[in-house]
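Q: Residue strings, one per chain:
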Amino acid sequence: MNTYQAVRDAMSLAMSKDDTAVVFGEDVAFGGVFRCTMGLAEEFGKERVFNTPLTEQGIAGFGIGLALMGHTAIAEIQFADYIYPAFDQLVNEAAKIRYRSGGQYNVGGLTIRTPTMSVGHGGLYHSQSPEGFFMAASGLKIVIPRSPIQAKGLLLSSIRDPNPVIFMEPKILYRSAVEQVPIDDFELPLGEAEVLTTGSDLTLLTWGTPVYHCEAALHMLASPPSSLESLIPPSLRSAKIELIDLRSVLPWDVETVTQSVKRTGRLVIVHEAGLTAGVGAEISAEVQKRCFLKLNAPVRRVTGWDIPVALQYEKFHIPDSIRVLDAVMETLTY
Amino acid sequence: MIRFPSVSRRFSRQWVARGLANVAGNLPNSRLPVTSNLKFFNSVQGDGLIPAFRVLDGSGTLIDGAELPEIDEKLAHRMYENMQLLPTLDSILYNVQRQGKISFYMTSYGEEATVIGSAAALESDDEVLGQYREMGVLLWRGFGVDNVMAQCFGNEEDTSTKGRQMPVHFGSPELHFHTISSPLATQIPQAAGVGYALRRDPYRRGRSIAACYFGEGAASEGDFHAGFMLASTIPSPTLYITRNNGFAISTPSTEQYYGDGIASRGPGYGIDTIRVDGNDVLAVLKAVREGRRRCLEQGRAVLIEAMSYRVGHHSTSDDSFAYRPRAEVEDRKHIDNPIVRFRLFMESQGWWDAAAEEELKIRLKAGVMKAFKRAESIKRNELGQLFTDVYGGEEPWNLREQREELTGLLKKYGEVWEPWRTELAKFKNNGQDLLNLRP
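Protein chains in written order, with the numbering used here: chain A, 1 to 334; chain B, 1 to 439.
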């Protein structure tokens with residue numbers, strides 16, 4: 001399965017086991033602009049899989065209403081870039097309903113799926129990574145998978161979690177990431193990072209699309225292509241790097257990250273969103289508080305620049321493998 | 001994504017209805033009539049304004065051609081009592097706020113008929129999503145003055161919000177009244193979702209609706225547009241009730257919209273709409289009953305715009321005489337008072353008299369005063385409730401650590417830092433539930 005098939009599979013499973021579950025959003029009925037809802041309307045009927053008018057604040061509000069009644073609402077925002085009209089509904093309403101009602105009402109049945117991150121040619125409004133804007137909205141959960149297996153397991157958990165979840169799907173992985181995905185019903189835990197490779201010299205922390213840039217960087221570090229050989233000191237090639245996929249941005253897995261940094265003494269955080277007040281800022285502040293005596297180098301952040309995602313300049317904007325490689329080498333040699 | 005608009009099938013019906021005659025056939029692939037007449041239009045009612053439906057005139061007499069809604073003495077009594085309970089609560093809680101005993105309050109003055117008339121027309125398990133000036137719906141459903149006081153004082157008995165929200169932000173799942181929040185109009189698209197959930201629920205389908213209240217100011221928010229479109233298009237049995245009281249804080253409705261109020265927008269969304277005299281409780285009762293019936297019959301949105309006048313200030317943080325003359329308010333109170341109008345009707349039926357009026361006023365005031373004194377003496381929730389109910393399920397580490405941090409600070413400064421010491425005394429157990437935590 002590729003990622004969009006895994007996402008579809010998760011929704012199909014969730015709907016077949018929960019009669020209250022409905023899927024809705026702009027253009028989801030014919031299968032969705034990324035094919036994530038292909039065939040669901042035929043499988044479950046128009047009452048359960050349907051198009052909404054083109055209104056993001058309406059989609060979020062409608063989903064909150066369904067969830068208030070104890071139903072399972074799986075809403076789609078066509079691109080994460082267009083989630084901002086729903087910001088009020090998500091931050092002032094969804095995140096706070098349980099708290100403000102003294103626990104009497106909740107919208108735990110709400111999951112907002114939205115494609116995120118750069119895609120090569122998305123320009124300003126088909127490339128954004130808005131997870132940082134929601135990180136301060138206590139009451140929400142934010143989840144970002146890196147692959148088909150992750151997408152299925154994390155989405156099923158998100159749909160069934162007793163809290164509203166924003167599930168951000170890296171859109172470049174919809175077709176490019178393919179792996180054997182179990183066809184049965186399984187869940188992966190929210191709020192838990194996953195250590196992808198263990199190491200003792202540096203912790204490399206990321207989520208979503210940049211997981212692959214990080215893997216490529218580590219590969220280049222260990223066995224540099226001839227074009228880069230002169231730029232990568234042989235002494236660094238055997239460095240043991242611990243690569244962590246954060247998976248959940250809110251709440252984030254402080255335990256796994258700090259345990260790792262306490263062992264390695266070095267941390268590089270990679271994300272596509274801009275640097276200033278990005279998720280990396282929050283994590284590095286917390287890590288510096290908890291690992292101050294163990295740190296051998298400043299926490300380094302490799303991120304998009306503090307600018308919009310410009311169409312023809314994308315290759316120089318995203319934190320690609322060469323930028324990750326450079327930051328890893330600098331941090332190792334600090 | 002580039003999106004192309006598609007031609008709606010609805011157009012045809014509405015254009016024909018407006019008399020833009022089909023003189024030259026139809027547009028291809030549609031039933032849209034074509035005309036050579038270059039005619040713009042700016043009204044849903046020919047060249048006139050949408051009239052307000054009325055049953056009783058100002059003296060409580062049936063107007064020409066009007067028919068009474070189904071009402072008996074018992075129902076009339078219940079409605080009148082609840083209409084009178086609102087100003088009784090309002091005058092006491094308004095003054096209590098002025099004395100600094102509660103932090104905030106909003107009265108319902110002038111809108112008693114709109115709120116109680118509509119509450120009486122709904123079924124008790126219709127889901128209500130309100131704005132904030134609809135306390136009367138809860139009173140109608142038996143919320144009780146003790147619960148009103150508990151929420152306004154934010155004391156231990158406040159089940160609406162556990163003392164977390166400002167006064168008048170009520171809520172009760174048992175009474176199907178969704179907890180009020182301050183952001184305006186957010187409840188409007190939510191109500192569409194609630195309506196859809198009711199339609200999908202085999203036990204409530206065709207039986208229950210979502211009823212959503214909002215003011216004419218809130219109708220300027222984008223969420224109004226979103227909600228109306230969703231509830232009509234998807235569709236969902238949702239009854240929208242606009243309280244058009246002429247003001248959004250200081251902004252008169254003339255600065256809020258240029259069209260014919262809120263009602264004129266309904267047909268644009270393809271939904272059945274009526275404007276009603278919001279000071280005529282029987283007109284509201286009748287219109288909401290019929291609106292509710294249509295909602296269930298069609299399974300989609302219906303709009304009722306109730307015209308009234310906000311007699312009170314916007315809230316206790318507002319002095320409305322800064323933007324409207326006192327005399328205008330006094331005039332409205334006396335010339336067109338919804339409570340007086342209904343009382344005159346009841347008297348004409350032989351259902352009410354001066355003695356009953358006297359007895360009711362004394363009884364209501366005594367009940368409210370008793371509840372007020374009781375609420376005043378009750379402590380707040382345990383301080384630890386500050387940190388609960390943010391998430392369902394497992395508590396995230398940051399909240400746990402932050403609660404422990406506050407515990408540590410309370411141990412250190414709780415006895416010596418005056419602002420905290422004074423405040424801790426107002427909480428049940430004086431904050432001991434947090435202090436006893438092991439940090």
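Worth flagging that the hints you see were computed from the coordinates, not collected in a lab.
Cβ coordinates follow ideal geometry from the N, Cα and C atoms, glycine included.
Take these hints with a grain of salt, some might be off.
Residues of chain B clear of chain A, computed beta-carbon distances all greater than 12 Å [said to hold, decoys possible]:
| no. | residue |
| --- | --- |
| 1 | 39 |
| 2 | 190 |
| 3 | 199 |
| 4 | 201 |
With a straight-line cut-off of 20 Å between C-alpha atoms, the simulated EDC-like cross-links for lysine to aspartate or glutamate are [as the list claims (entries may be wrong)]:
| no. | chain 1 | residue 1 | chain 2 | residue 2 |
| --- | --- | --- | --- | --- |
| 5 | B | 101 | B | 376 |
| 6 | A | 17 | B | 201 |
| 7 | A | 294 | A | 320 |
| 8 | A | 46 | B | 201 |
| 9 | A | 289 | B | 404 |
Per label pair, the in silico range of CB-to-CB distance [unchecked claim]:
| no. | chain 1 | residue 1 | chain 2 | residue 2 | range |
| --- | --- | --- | --- | --- | --- |
| 10 | A | 197 | B | 207 | 54 to 64 Å |
| 11 | B | 49 | A | 92 | 31 to 41 Å |
| 12 | B | 425 | A | 298 | 24 to 34 Å |
| 13 | A | 189 | B | 413 | 52 to 62 Å |
Q: It remains to establish, for every hint, whether it holds in the given structure.
A: Checked hints:
1. Interface exclusion of residue 39(B) from chain A stands, the closest Cβ pair being 28 Å apart, more than 12 Å.
2. Residue-level check failed: residue 190(B) sits 4 Å from the nearest beta carbon of chain A, not beyond 12 Å.
3. At roughly 8 Å, the least C-beta separation between residue 199(B) and chain A is not larger than 12 Å, which violates its mark as non-interface.
4. The claim that residue 201(B) lies off the interface is violated: its Cβ sits roughly 7 Å from the closest Cβ of chain A, which falls inside the 12 Å cut-off.
5. Restraint check: the Cα-Cα separation between residue 101(B) and residue 376(B) comes to about 8 Å, which is no more than 20 Å; the hinted pair holds.
6. In summary, the hint linking residue 17(A) to residue 201(B) is supported, as the alpha carbons are separated by about 16 Å, within the 20 Å threshold.
7. Using a Cα cut-off of 20 Å, the hinted pair residue 294(A) and residue 320(A) is violated, with the two alpha carbons roughly 28 Å apart.
8. Between residue 46(A) and residue 201(B) the CA atoms are separated by roughly 16 Å; this keeps the pair inside 20 Å, and the hint holds.
9. Only pairs whose Cα atoms come within 20 Å are accepted, and residue 289(A) paired with residue 404(B) is accepted, the gap being roughly 17 Å.
10. Hint check: residue 197(A) to residue 207(B), Cβ distance near 58 Å, so the stated range 54 to 64 Å holds.
11. At roughly 36 Å, the beta carbons of residue 49(B) and residue 92(A) sit within the given window of 31 to 41 Å.
12. Checked against the hint of 24 to 34 Å, the pair residue 425(B) and residue 298(A) fails, with Cβ atoms roughly 47 Å apart.
13. The hinted range of 52 to 62 Å is not satisfied by residue 189(A) and residue 413(B), whose Cβ atoms lie roughly 38 Å apart.
In this structure, the hints that do not hold are numbers 2, 3, 4, 7, 12, 13, in rising order.
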